[in-house]
Amino acid sequence: MSDRPVRTLFSGSRTGIGYKIVFTATIVVFTAAFVLPFLWLVLGAMKPAVELAKVPVTVLPETFNPGNYAEAWELMDLGKYFLNTVLVVAGAWFVQILFDVPAAYALSKLRPVFGDGVLVAMLVTLMLPPSTLLVPMYLTITDVPILGVNLVNNPAAIWLPAAANAFNIYLLKRFFDQIPTELLDAARMDGAGAVTVLWRVVLPMARPILAVVSILAVVAAWKDFIWPLLVFSDPSLQTLSVALQRFAPDTPINLLLAGLVLAALPMIAVFLLFQRHILAGLTAGSVKG
Amino acid sequence: MSASTLLRPAGAPAPDADRRPGRAPGRMRRRIVENLTAYGFLCAALVCFALFSWYPIVRGVLLAFQQVNFITDPEWVGFENFERLFADPLFWDAWGNTLLFTGLALVFGFFVPFLIAVLLNELRHAKGYFRLVVYLPVMLPPVVAALLWKWFYDPGPGLFNSILRTVGIDGPRWLDDSTTSLLSLVLVATWSNLGSATLIYLAALQTIPGELYEAAELDGANVVQRLRHVTIPQTRFVLLVLLLLQVVATMQIFTEPYIMTGGGPDDSTVTVLLLLYRYAFVYNDFGTASAMSTLLLVFLSVFSFAYLRITRRADA
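Residue numbers (UniProt numbering), protein chains in the order written: chain A, 1 to 289; chain B, 1 to 316.
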């Protein structure tokens with residue numbers, strides 16, 4: 001958006017006819033590839049099922065049924081699955097912040113014995129493809145060692161593993177490393193305990209990184225499919241993604257499409273609201289795709 | 001996790017330390033208190049890592065050599081699980097499909113985002129719009145994207161064949177035809193994920209100093225030469241890192257085949273992870289499923305270690 005006249009690959013002018021053609025073509029292709037599918041979905045969701053089955057297709061609905069959204073909500077009981085999803089996502093976010101922030105702070109500033117070893121042991125888990133752990137993870141939640149509980153159909157089966165997130169630890173620690181130790185020592189001199197320093201001095205400074213970690217946590221939890229599919233065998237506890245794929249085979253197509261729109265809306269809204277943070281998180285992590 | 005519970009155990013060794021002559025008791029005591037505080041801060045995350053990351057890693061490898069039935073204790077069976085896998089023709093199909101999928105996904109998902117990023121870096125208008133729309137599909141839950149594209153792929157009233165019909169082409173049967181089904185899945189996955197790679201490349205391109213292009217131009221380098229000798233070397237690190245990450249990510253493809261094809265038609269879209277899922281959660285053969293995930297783990301470790309080497313070298 002800010003126009004820096006930095007020299008790039010092509011040295012040609014940005015006012016000539018050639019540039020205008022390329023620019024217009026790019027706008028058209030991008031809109032067709034990335035906006036049109038969404039429009040087609042939103043429109044399709046308002047057509048009657050009979051109209052959707054017709055060839056050739058109609059572009060704008062002949063019979064305009066915006067009520068399909070309400071009907072889909074009702075038929076699939078989407079309110080329940082929204083609540084389930086919010087519970088899973090909010091808990092996953094909360095546990096990640098509550099567990100990973102103090103941990104990263106301890107590794108960065110309190111530097112206990114074996115701290116570096118702990119950090120390496122955490123970061124090594126980043127190298128492991130998560131899906132190769134599906135089977136042992138599933139067996140673990142059916143009978144959690146030490147605790148001796150069965151977490152199948154329990155949202156904690158999503159929350160607690162979410163906190164074992166080395167990327168969070170890495171991002172947070174890197175941020176805490178940049179806070180001057182003198183600043184924290186000064187607070188300690190004033191008689192503040194470690195918890196007070198973290199809560200009153202460090203956290204207010206860490207807002208930008210907390211925003212990045214929070215958004216990554218929320219988006220990842222909302223998008224997740226395979227793990228909630230395994231955890232929630234009880235249909236009434238399932239998240240939206242899991243429920244929608246279960247309903248898909250026997251739901252009228254127009255109502256299913258309406259359900260897809262409703263499930264996508266929160267993420268689109270999050271993106272429009274926090275676009276800057278999301279894109280910052282994408283490049284700040286710099287290498288985690 | 002209140003401060004008092006963290007500090008209480010520290011009370012015990014402290015008086016001891018005080019009695020010892022010639023030491024600095026205050027400092028000793030402070031070290032202990034500091035360490036206990038630090039591990040108090042760490043303990044919740046450590047428990048989660050131990051239970052849900054470190055323990056499953058070890059257990060997964062052990063399970064590959066066991067037979068589990070939940071009634072009796074797991075039984076050691078040596079390489080039987082692997083032998084059973086190698087005897088399953090579907091195992092080889094799954095690897096073939098997954099490697100083909102990864103290869104195709106790299107053609108689209110690796111080169112296309114780079115070319116898009118190079119293009120976007122040249123444009124001077126509507127930059128915000130391009131960045132916004134290219135990332136929109138990334139925000140879509142994969143289940144939503146898969147179900148949406150399944151509808152687009154419908155050979156009758158689906159969007160794609162409707163568009164093809166308007167220009168007089170009789171479209172393919174996409175997911176229903178074993179020759180196009182895998183490619184159809186590659187297209188959804190690419191559409192869904194290309195935004196993040198594009199924006200990471202774009203950020204890398206913007207760090208290239210303009211003087212390099214100016215100097216290259218003065219030396220008479222044309223556009224292709226500038227791309228080869230300036231753009232690509234300057235972004236080589238990001239290109240390599242994303243290449244490795246994409247291989248690791250696409251080898252684990254599951255959601256799209258699970259929802260869109262269920263592995264069909266004619267097993268043309270059975271992927272490693274889909275077969276692993278069947279072994280574990282359809283046949284309840286956790287041992288064989290673990291043998292499969294161990295093989296996948298070993299295979300992907302090569303890429304993970306390459307990634308580690310490269311990023312380490314860049315840090316140094």
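Hints in this document: simulated from the structure, not taken from any laboratory.
Be careful, since some hints might not be right.
No more than 25 angstroms apart at the CA atoms, straight line, and that leaves these computed lysine-lysine pairs for DSS-like [said to hold, decoys possible]: (1) A:223 <-> A:109; (2) A:223 <-> B:150; (3) A:20 <-> B:127; (4) B:127 <-> A:54.
Per the computed footprint, the stretches of chain B lying under chain A, defined by three or more beta-carbons under 8 angstroms from a beta-carbon of chain A, are [what the hints assert, rightly or not]: (5) 78-92; (6) 271-285.
Computed from a predicted structure; not experimentally measured.
All C-beta atoms, glycine included, are put in the ideal place defined by N, C-alpha and C.
Now the hints, each set against the structure:
Note on residue 223 (chain A) and residue 109 (chain A): the hinted pairing is violated, with a Cα-Cα distance of about 33 angstroms set against a maximum of 25 angstroms. Between residue 223 (chain A) and residue 150 (chain B) the alpha-carbon distance is near 18 angstroms, which keeps this suggested pair within the 25 angstroms criterion. Proposed proximity of residue 20 (chain A) and residue 127 (chain B) is supported: the alpha carbons are some 14 angstroms apart, at most 25 angstroms. This hinted pair does not check out: residue 127 (chain B) and residue 54 (chain A) have alpha carbons roughly 39 angstroms apart, beyond 25 angstroms.
Coverage of the region 78-92 of chain B by chain A is violated in this model, with 0 residues showing a Cβ closer than 8 angstroms to a Cβ of that chain against a need of three. Residue count for the region 271-285 of chain B with a Cβ under 8 angstroms from a Cβ of chain A: 5. That meets the three needed, and the coverage hint holds.
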